[in-house]
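One-letter residues, chain by chain:
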Amino acid sequence: MNPAGVARVTTGCSEAPVLRERGQREVFCGLTGIIWLHRKIQDAFFLIVGSRTCAHLMQSAAGVMIFAEPRFATAVIEERDLAGMADANEELDRVVTQLLARRPEIKLLFLVGSCPSEVIKLDLSRAAGRLNEKFAPTTRILNYSGSGIETTFTQGEDACLAALVPEMPEAPAGAPASLLVVGSLADVVEDQFRRLFDDLGIGPVGFLPPRSSTELPAVGPNTRFLMAQPYLAETRRVLEKRGAQALQAPYPFGAEGTTAWLKAAADCFGVDESRFTAVTALGRERAKRALSHYQQQLAGKSIFFFPDSQLEIPLARFLSRELSMRIAEIGTPYLHRQNLAAELDLLPDGTVLSEGQDVDRQLDRARAARPDLTVCGLGLANPLEAEGLTTKWAIELVFTPIQGYEQAGDLAELFARPLNRAARLEV
Amino acid sequence: MQLTVWTYEGPPHVGAMRIATAMEGIHYVLHAPQGDTYADLLFTMIERRDKRPPVTYTTFEARDLGTDTAEIFKNAAREAYERFQPQAMLVGASCTAELIQDDPGGLAKALALPIPVVPLELPSYQRKENWGASETFYHLVRALAGPHAPAPGSERPPRDAGRRPRCNLLGPTALGFRHRDDVAEITRLLDRLGIDVAVTAPLGATPADIARLGEADFNVVLYPEIAQTAAGWLTRTFRQPATKTVPIGFGATIDFVKEVAEIAGVDPTAVLAGAPSRLPWYSRSVDSTYLTGKRVFIFGDATHVVAAARIADKELGFKVVGLGTYSREFARDVRAAAEHYGVEALITDDYLEVEEKVAELHPELVLGTQMERHIAKRLRVPCAVISAPVHVQDFPARYSPQMGFEGANVIFDTFVHPLMMGLEEHLLGMFRGDFEFHDEVQPSHLGHGAAPAQDPTQIKEAEVEKTEIVSVAQGVTWAAEAEQELRKIPFFVRGKARRNTERFAEERGLATITVETLYDAKAHFGR
Ligand code: SF4
Ligand code: SF4
Chain A
1 MNPAGVARVT TGCSEAPVLR ERGQREVFCG LTGIIWLHRK IQDAFFLIVG SRTCAHLMQS
61 AAGVMIFAEP RFATAVIEER DLAGMADANE ELDRVVTQLL ARRPEIKLLF LVGSCPSEVI
121 KLDLSRAAGR LNEKFAPTTR ILNYSGSGIE TTFTQGEDAC LAALVPEMPE APAGAPASLL
181 VVGSLADVVE DQFRRLFDDL GIGPVGFLPP RSSTELPAVG PNTRFLMAQP YLAETRRVLE
241 KRGAQALQAP YPFGAEGTTA WLKAAADCFG VDESRFTAVT ALGRERAKRA LSHYQQQLAG
301 KSIFFFPDSQ LEIPLARFLS RELSMRIAEI GTPYLHRQNL AAELDLLPDG TVLSEGQDVD
361 RQLDRARAAR PDLTVCGLGL ANPLEAEGLT TKWAIELVFT PIQGYEQAGD LAELFARPLN
421 RAARLEV
Chain B
1 MQLTVWTYEG PPHVGAMRIA TAMEGIHYVL HAPQGDTYAD LLFTMIERRD KRPPVTYTTF
61 EARDLGTDTA EIFKNAAREA YERFQPQAML VGASCTAELI QDDPGGLAKA LALPIPVVPL
121 ELPSYQRKEN WGASETFYHL VRALAGPHAP APGSERPPRD AGRRPRCNLL GPTALGFRHR
181 DDVAEITRLL DRLGIDVAVT APLGATPADI ARLGEADFNV VLYPEIAQTA AGWLTRTFRQ
241 PATKTVPIGF GATIDFVKEV AEIAGVDPTA VLAGAPSRLP WYSRSVDSTY LTGKRVFIFG
301 DATHVVAAAR IADKELGFKV VGLGTYSREF ARDVRAAAEH YGVEALITDD YLEVEEKVAE
361 LHPELVLGTQ MERHIAKRLR VPCAVISAPV HVQDFPARYS PQMGFEGANV IFDTFVHPLM
421 MGLEEHLLGM FRGDFEFHDE VQPSHLGHGA APAQDPTQIK EAEVEKTEIV SVAQGVTWAA
481 EAEQELRKIP FFVRGKARRN TERFAEERGL ATITVETLYD AKAHFGR
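Line by line, the protein sequences give chains A and B. In terms of the UniProt record's numbering, the first sequence has 400 at position 400, counting the first letter as 1, and numbering is strictly consecutive. In terms of the UniProt record's numbering, the second sequence has 16 at position 16, counting the first letter as 1, and numbering is strictly consecutive.
You can take every hint at face value.
Lysine to any residue pairs mimicking SDA-like chemistry, simulated, CA-CA at most 20 Å apart: (1) A:Lys107 <-> A:Ser125; (2) B:Lys51 <-> A:Glu387; (3) B:Lys258 <-> B:Val197; (4) A:Lys263 <-> A:Arg194; (5) A:Lys121 <-> A:Leu82; (6) A:Lys107 <-> B:Val5; (7) A:Lys121 <-> B:Tyr125; (8) B:Lys51 <-> A:Asp358; (9) B:Lys74 <-> A:Gly23; (10) A:Lys121 <-> B:Ala62; (11) B:Lys51 <-> A:Asp364; (12) A:Lys263 <-> A:Arg224; (13) B:Lys74 <-> A:Asp360; (14) A:Lys40 <-> B:Val5; (15) A:Lys121 <-> B:Gln101; (16) A:Lys241 <-> A:Pro172; (17) B:Lys51 <-> A:Glu385; (18) A:Lys121 <-> B:Gly66; (19) A:Lys392 <-> B:Asp50; (20) A:Lys121 <-> B:Leu65; (21) B:Lys51 <-> A:Pro383; (22) B:Lys377 <-> A:Glu69; (23) A:Lys40 <-> A:Glu396; (24) B:Lys51 <-> A:Asp360; (25) B:Lys74 <-> A:Asp358.
Quick caveat, the hints were computed from the structure, so don't treat them as lab data.
Given only the sequences and the hints, what does the whole structure look like? Please build it.
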């Protein structure tokens with residue numbers, strides 16, 4: 001169904017109008033990014049300055065409570081902190097001192113702003129400055145906001161990486177061109193890409209975020225960067241401010257996306273065509289072979305995306321072009337046209353796109369469309385299953401390594417599994 | 001500010017959600033930013049509910065602040081009414097909306113909806129989930145049953161002689177620890193006593209059911225954390241007596257049956273006759289001898305820990321070495337219970353403090369929440385979950401109440417299952433030199449999920465423990481031989497033996513622990 005007001009995209013046009021909804025949103029806030037960021041930057045710690053709700057969100061969204069003590073915590077604001085800002089700042093300093101005494105190995109501490117800390121205007125950048133005087137250089141203290149009034153889900157990573165950019169060393173004048181890959185990737189994926197760039201003769205290559213906060217890559221006017229994630233608008237802006245230039249590319253999902261993504265770098269670094277083909281041939285072949293296992297199962301099936309991570313558009317592109325799925329609707333919490341230009345060009349004619357959310361209306365549309373597969377958040381999945389719709393947890397797409405040639409099959413499998421299960425069950 | 005990694009309780013509006021979600025025909029409009037919608041997954045994922053909680057969030061953003069957040073609230077409330085057509089509505093604010101002071105109650109009143117609208121004021125920066133649930137239930141009961149209250153001072157009309165006594169079951173909620181099964185069990189128990197259940201609330205109740213709470217003869221308070229405040233008001237307003245005993249455990253269930261029979265004027269003899277539970281016999285059987293004096297640490301909500309302590313002490317023959325709760329509102333009850341067992345109650349919502357205490361006491365069994373399950377796993381102590389906060393696995397598919405006689409059976413299994421079985425404990429001692437009986441061997445009845453060797457973090461910790469054997473005590477070293485001997489002691493008591501020996505050596509100013517010291521200490525402390 002195509003309710004009035006829902007626009008359709010025509011191939012080759014990235015200016016497609018979009019259904020913009022503003023009602024109840026059913027998405028995580030940016031604090032949630034900490035769950036993967038604290039695993040990625042291994043010497044960093046994330047201290048949320050927030051409420052009991054924020055702490056509860058973190059433990060519920062993390063799902064299982066992790067065995068080892070995680071590298072994040074919440075400084076829970078209490079009644080008396082609201083009484084006076086002086087006290088709140090003093091309290092924050094006390095909590096940070098307590099924390100660093102307990103975890104002296106922390107090299108980088110992020111003070112993460114939340115809705116309450118922003119509403120009461122607790123100035124975390126001032127606090128970071130103040131605490132740096134006390135703890136730097138042993139522990140550097142930075143701040144960013146992951147609040148639900150400012151950020152949705154993956155935008156928390158954007159805010160975190162943007163906070164890291166001023167910390168990146170300046171590339172010396174006249175430094176040779178370098179490549180920077182921006183956006184958290186699983187270590188295994190990062191290593192695969194590093195090998196491919198090596199084989200292509202592209203280098204030096206840096207990654208943001210790095211695995212250790214002490215290994216921040218240098219940046220300067222000769223830096224070209226490739227975004228590994230579509231949701232890094234602010235990080236892109238501040239990198240550009242430092243003179244770096246973004247390479248426009250689709251995102252590295254599937255054989256096609258990965259090839260186009262690598263090609264953008266190869267073209268920029270003057271890698272000749274034959275070498276590019278030779279280096280990528282194997283991976284491309286393997287990805288295609290892996291995808292072929294899922295062709296039959298997924299081709300022709302329809303899919304509906306509720307907004308979640310901003311990965312929806314690249315994923316829909318992958319599913320429609322490489323697995324012949326039909327797209328019922330792509331919902332995205334926020335549509336950044338510049339970052340998604342190359343993706344929008346590849347979407348099939350007439351794709352229904354929606355930005356923002358009015359969850360009840362969107363549920364009505366999903367029920368009417370009765371897609372074969374619905375990608376949605378954890379709060380919606382079981383209720384939709386109970387209504388007879390087959391669902392896929394959106395969050396798995398953020399937590400699982402899905403980028404690159406070697407993961408193309410895994411990515412397809414994530415969509416095939418719920419269908420496979422639905423087909424097997426006789427209960 | 002309080003530094004915390006995990007919290008035992010969510011914010012008070014999550015408590016309100018537990019009431020709303022438990023009920024039918026009600027809707028909660030919550031002024032909150034988008035991230036607060038995570039709370040839905042508690043119900044749909046952890047409890048595996050097949051419906052979304054009946055909650056509409058306003059999900060305001062920064063750019064709305066100071067301009068039209070009040071308008072957003074009114075729209076959300078109006079649209080929620082139109083879409084869901086509830087019989088009653090709850091309105092309130094989460095921690096962020098509380099700071100912007102939009103007054104959901106006043107705004108909802110201005111909408112003049114044709115249904116009862118109950119405003120909730122739940123101070124998020126002072127209070128927590130259970131308190132929020134209790135307040136919500138209380139205000140709902142007042143608002144809906146209040147109009148049916150008899151004139152103050154009037155007497156309750158006597159019950160018709162021809163009709164069975166009737167009670168309400170108060171307190172079960174969504175996301176409650178085994179509430180669903182407890183309700184079934186207690187309803188059945190009351191029926192056998194000749195007592196009918198008029199209304200169970202909030203679980204499964206509609207606003208109309210709440211309105212007729214006053215019709216029953218008395219109230220059964222299943223979970224005081226949730227229902228005590230409302231029950232107190234019902235007693236004052238409708239002259240309905242309320243029960244005090246929570247029927248968790250064999251002895252408590254007997255007491256409960258007697259208390260209820262007394263209030264209702266029925267004869268409990270038939271229900272108490274025979275063998276209403278297997279717990280007493282299983283506990284007396286020879287296989288249970290090994291349970292004698294097992295040192296147990298208990299932490300959780302007040303109701304479940306007080307009950308667990310009584311069961312552990314009186315019905316299983318354990319020794320309660322630690323008792324505590326995160327329910328500050330019920331600290332007094334838990335302190336009193338702790339005193340009874342000769343320990344000092346630990347009242348805290350800081351799980352690190354609980355961890356410290358468990359490490360210090362080195363119990364042989366921990367009874368706690370999901371948090372204690374992790375603490376115990378880390379310290380390699382067996383553990384059973386007896387209270388919220390809970391995990392998806394604490395909503396088992398099978399029937400497993402905690403209350404009543406069947407609940408006592410379930411609890412016997414729950415508490416005993418993580419421990420060795422009687423015969424097995426002896427065999428493990430006998431075969432400990434056997435190559436197959438190394439440290440990582442788990443009791444055979446525990447599934448592979450409990451095998452520590454599979455978790456790399458745990459392996460690392462096991463290694464740490466081994467090095468600790470020689471290095472941990474200050475100023476005391478272990479002679480190589482003594483260390484060898486210590487390794488021969490079964491791993492589940494080794495930690496305690498190590499600590500005791502070191503304490504023994506330290507107290508006597510011994511620099512080196514020899515095999516002799518080890519056995520001297522063993523003789524000194526006894527078992
Ligand atoms: S997609 Fe088609 S209709 Fe939409 S803006 Fe582009 S050209 Fe116009
Ligand atoms: S939405 Fe705001 S208040 Fe809620 S958890 Fe996220 S940061 Fe905390």
